[in-house]
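> Here are the chains, one letter per residue:
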Amino acid sequence: MKLSRRSLLRTTAAAAAFATVGLPSFAQEIDELVIAYNVNLPSWDPTVGLSAVNPTIQGFYQSVFDLFIPQNTDLSFGSGIITDYGWNEDNTQVWMDVREGVTWHNGDPLTAEDVAWSLTRAGNPETGSPIQFVWGKVENVMADGNRVTADVNEYDPTFFKWMSFLTGYVMPKKYYEEVGADGFEAAPIGTGPYMVEKFERNAFVRLKANENYWGGAPEFKTVTIKFVTDAASRVAEVESGNSHVTLEIPYEEFDRLKEKDGMAGIAEPVSDIGMIFLNDIEVMTDPNVRKAAAHAIDKSLIIDRLLSGYGVPIDTLQTPDYAAYDETIKVAYDPELSKKLLAESGYGPDNPVKFKIQTTKGFKPKDYEMVQAIVGLWRRVGIEAEIEVYEIAKHFELRAADQLAPAAFYNWGNSVGDPTTSTGFAMFGPSPHSVWDGKETFDAILPLWGEADEAKRIEGWKAVDRLVAENAEVIPLLQYVQPIVHAAGVKVVPHRSGALLPHLMTRA
Amino acid sequence: MTLLRNILIRLLTTAVTLLGVAVIVFVVIRVVPGNPIAMMLPPGATEDDIARLQAQYGFDKSIFEQFVIWLKGVMQGDFGTSISTRQPVRQLVLSRLPATLELSIVALSIAVLLGGALALLGTRFRDTKGEGAVDVTAGMALSIPDFLWGLVLILLFGVLWPVFHISGRISPALNIDFSSNFYLFEALVRLRFDVVADLIGHMFMPALALAIPLAAIIAQLLKQSLKETMHLDYVTLARTKGYGENHVITREALPNAILPTLTLVGVQFTFLIGGTVIIERLFSYEGLGNMAIDAVINRDLPLIQGIVILFALIFTIVNLVVDMLYVMLNPRLRHA
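Same order as they appear, the protein sequences are chains A and B.
Using full-length UniProt numbering, read the first sequence as starting at 1 and increasing by one per residue.
Using full-length UniProt numbering, read the second sequence as starting at 1 and increasing by one per residue.
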């Protein structure tokens with residue numbers, strides 16, 4: 001066959017038409033909401049295994065399952081499956097009232113028995129709940145009418161807060177016992193705003209609106225969430241109109257896309273923070289070195305230059321949304337003070353103090369670049385830090401073994417906003433998440449774990465944060481801002497936890 | 001009998017190779033820092049929690065004990081359970097293999113067509129500026145890595161002229177009830193052309209990104225072979241008989257010149273399958289490569305082992321087939 005110009009054009013047109021078959025329709029009215037998500041969903045059981053403690057996939061779970069107690073978009077606690085709850089007078093028992101009129105996706109009614117079973121199951125070490133250390137603090141969980149009661153074997157003031165956090169989901173007793181773990185994985189049901197219609201592992205999940213949802217049916221009747229793990233591909237997805245909403249793209253792309261016709265963007269702070277762990281080994285046992293390192297970092301400059309202004313500087317491990325936030329605790333950018341402190345310990349630009357700083361590269365936006373900038377700022381005052389790049393898996397292992405370098409960059413999530421899950425676990429030596437072993441901090445934290453007076457407890461944590469800041473035992477850097485780009489036809493309501501929730505989306 | 005003996009020896013070598021790969025993979029991924037248990041620890045986990053999880057996943061045993069347990073399972077077809085998905089590794093891996101194989105075969109087909117066409121063009125216009133243009137095109141295609149081609153294609157056919165799907169393997173809204181995961185093959189057999197069009201719409205860009213560098217290699221080798229063949233006596237004879245240049249190239253020279261290229265294609269196919277790891281990630285294609293990256297990120301040791309063993313199996317099988325074909329095509333080697 002001779003290939004003439006005409007036949008070439010004809011062939012090209014035919015190929016284009018052929019390829020176009022099956023593409024979604026991008027009419028003004030969005031019938032099926034398509035979201036390009038940045039992570040995969042490995043498993044459907046939100047209460048066991050590795051997925052259950054992965055904060056980035058909680059948005060999937062909250063679309064299908066209900067938390068015992070939901071969180072509002074500002075991290076305050078709402079009324080959900082459990083409408084009211086509390087402790088008895090001597091804190092030896094908890095009680096919970098279960099919402100009536102709720103149905104599972106298969107039509108079965110939700111009962112207090114489901115809640116009692118879910119709690120008992122989560123507290124049983126054999127089921128593999130990674131949060132068993134919290135749920136195991138209650139026993140003899142009983143349902144009576146719409147009330148659930150349980151005996152407390154170890155008082156934990158954050159017990160109910162965990163009901164809004166990792167693994168705090170209500171599971172269907174009858175259905176689960178009928179189908180088993182594999183059956184549930186194949187066809188999960190919950191009481192949430194969406195039902196699973198189709199799930200292709202590593203590809204997408206298609207959700208159908210739960211018209212009987214107790215909180216009101218969501219506006220979009222069908223939602224497809226594609227797992228698009230590459231950021232460049234997510235940008236292309238939303239820019240081409242293949243997806244209506246995406247998140248976690250580079251801030252430069254966010255700024256560009258939100259200005260395009262037919263598109264919009266939201267960038268709101270989330271509960272994740274960036275921080276530098278200081279391990280009290282080698283030169284970090286010297287308070288002057290730690291304080292000099294803390295005062296030499298210009299956080300606002302880093303946020304403006306590297307994160308296009310998308311970030312909130314912080315001086316403790318609490319963000320302004322957290323329960324123990326204290327705006328009076330400040331660690332100022334003061335390079336002259338840094339030089340003075342270093343000089344007191346015999347260091348200076350001509351005789352720099354040396355240590356290693358570890359960081360991930362590409363795990364969080366501009367993580368490596370931020371550490372590079374910090375090392376540059378440190379160099380000006382007489383600190384010579386050597387950067388070591390490692391994978392996040394190695395960070396977890398080293399942290400659990402208390403073998404981090406003297407400084408190590410990391411991000412910390414705390415969507416319930418309680419100080420125990422930020423300062424508490426990060427700074428309490430015996431925790432596998434802490435590398436700080438100082439006795440003063442240990443002594444300050446210890447009584448707070450079981451403090452029953454809530455106001456006193458929060459004030460106690462503020463005092464710990466002040467102590468930690470004054471001694472520069474950790475260097476908090478910033479609260480992250482989550483970029484969400486979307487079609488102008490969709491109204492997206494961001495959630496401080498960082499979970500992108502389709503049931504909060506409506507037509508603009 | 002000699003051929004049969006050769007095949008048996010190669011099969012034995014393959015089994016030993018796989019065992020070696022298994023040992024290396026098993027040891028290396030346990031020695032490399034990064035403990036999946038540490039990644040599973042929530043805030044507040046205690047030493048007891050760590051010990052319980054270690055025991056649950058068998059990480060409290062020595063590497064040797066773990067390997068023996070794993071190997072016993074493998075001999076019975078049990079590759080263990082994925083840590084991140086809690087699904088059997090064999091089931092996960094086999095469910096994704098068809099997608100990767102289909103993508104690789106389509107990419108190979110495109111590479112052969114593109115590379116072949118370029119080689120024929122270069123030969124047709126040999127010793128002219130046309131040949132130079134072909135050489136420059138092939139050089140450019142080869143010097144740019146496949147993932148970069150992927151980004152270029154996304155920009156061209158995904159954003160500027162959005163005619164192909166950017167991510168995924170099949171449209172979520174498309175309802176199919178196929179008995180296998182070889183969607184393209186089954187759609188063709190069932191004459192479901194709507195599904196075929198949708199699959200091609202998803203597969204075109206990743207397959208082309210994989211194919212372009214390979215096409216360049218094919219073009220360079222085939223053109224060189226063709227140029228050498230064009231000087232042989234039987235080709236000159238064909239010309240004196242009055243055949244046109246196109247006929248001489250495609251009917252007379254090509255059948256002989258193509259043999260070395262066929263061998264190369266077989267070897268390159270294994271590299272092409274390896275290349276799917278990055279390309280599948282870029283296009284969110286639900287194949288084995290994409291799953292491999294997730295497994296590495298999650299330190300999902302049983303899944304990493306399963307995927308690597310399968311990749312090794314594919315490589316050795318393809319090499320075995322290529323070797324056998326080579327022996328069959330070249331009678332002198334049968335008795336070597």
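Hint data in this document are derived by calculation from the structure and do not stem from the laboratory.
Ideal Cβ positions, reconstructed from N, Cα and C, are used throughout, including at glycine.
Treat the hints loosely; a few may be bogus.
[Unchecked claim] SDA-like cross-link-like pairs, simulated, lysine to any residue; straight-line CA separation at most 25 Å:
id, chain 1, residue 1, chain 2, residue 2
1, A, 198, B, 97
2, A, 364, A, 229
3, A, 394, B, 176
4, A, 364, B, 278
5, A, 394, B, 97
6, A, 394, B, 66
7, A, 361, B, 28
8, A, 394, B, 70
9, A, 208, B, 176
10, A, 364, B, 48
11, A, 260, B, 161
[What the hints assert, rightly or not] Beta-carbon label-pair distances, calculated as ranges:
id, chain 1, residue 1, chain 2, residue 2, range
12, A, 198, B, 46, 56 to 64 Å
13, B, 20, A, 142, 54 to 62 Å
14, A, 376, B, 188, 54 to 62 Å
15, B, 60, A, 178, 49 to 57 Å
> The structure should be examined with respect to each hint, and the outcome stated for every one.
Results of checking the hints against the structure:
1. With a C-alpha separation of about 20 Å, the suggested pairing of residue 198 of chain A with residue 97 of chain B holds against the 25 Å cut-off.
2. For the hint pairing residue 364 of chain A with residue 229 of chain A, the CA-to-CA distance comes to about 13 Å; that is within 25 Å, so the pair holds.
3. Straight-line distance between C-alpha atoms of residue 394 of chain A and residue 176 of chain B comes to about 42 Å, which puts the hinted pair past the 25 Å bound.
4. Using a Cα cut-off of 25 Å, the hinted pair residue 364 of chain A and residue 278 of chain B holds, with the two alpha carbons roughly 20 Å apart.
5. This hinted pair does not check out: residue 394 of chain A and residue 97 of chain B have alpha carbons roughly 29 Å apart, beyond 25 Å.
6. With a C-alpha separation of about 21 Å, the suggested pair residue 394 of chain A and residue 66 of chain B falls inside the 25 Å cut-off, and the hint holds.
7. Taken as a hint, the residue 361 of chain A and residue 28 of chain B pair is honoured in the structure, with Cα atoms around 22 Å apart against an allowance of 25 Å.
8. Restraint check: the Cα-Cα separation between residue 394 of chain A and residue 70 of chain B comes to about 24 Å, which is no more than 25 Å; the hinted pair holds.
9. A distance of roughly 18 Å separates the Cα atoms of residue 208 of chain A and residue 176 of chain B; the hinted pair therefore holds under the 25 Å criterion.
10. Taking the CA atoms of residue 364 of chain A and residue 48 of chain B, the gap is near 31 Å; set against the 25 Å cutoff, the hint is violated.
11. At most 25 Å may separate the alpha-carbon atoms for a hinted pair to count; residue 260 of chain A and residue 161 of chain B meet this at roughly 17 Å.
12. About 40 Å separates the C-beta atoms of residue 198 of chain A and residue 46 of chain B, a value inconsistent with the hinted range of 56 to 64 Å.
13. Restraint check, residue 20 of chain B to residue 142 of chain A: a C-beta distance of roughly 58 Å satisfies the suggested window 54 to 62 Å.
14. Distance hint check for residue 376 of chain A and residue 188 of chain B: the Cβ-Cβ separation is about 59 Å, which falls inside the suggested range of 54 to 62 Å.
15. The hinted range of 49 to 57 Å is not satisfied by residue 60 of chain B and residue 178 of chain A, whose Cβ atoms lie roughly 34 Å apart.
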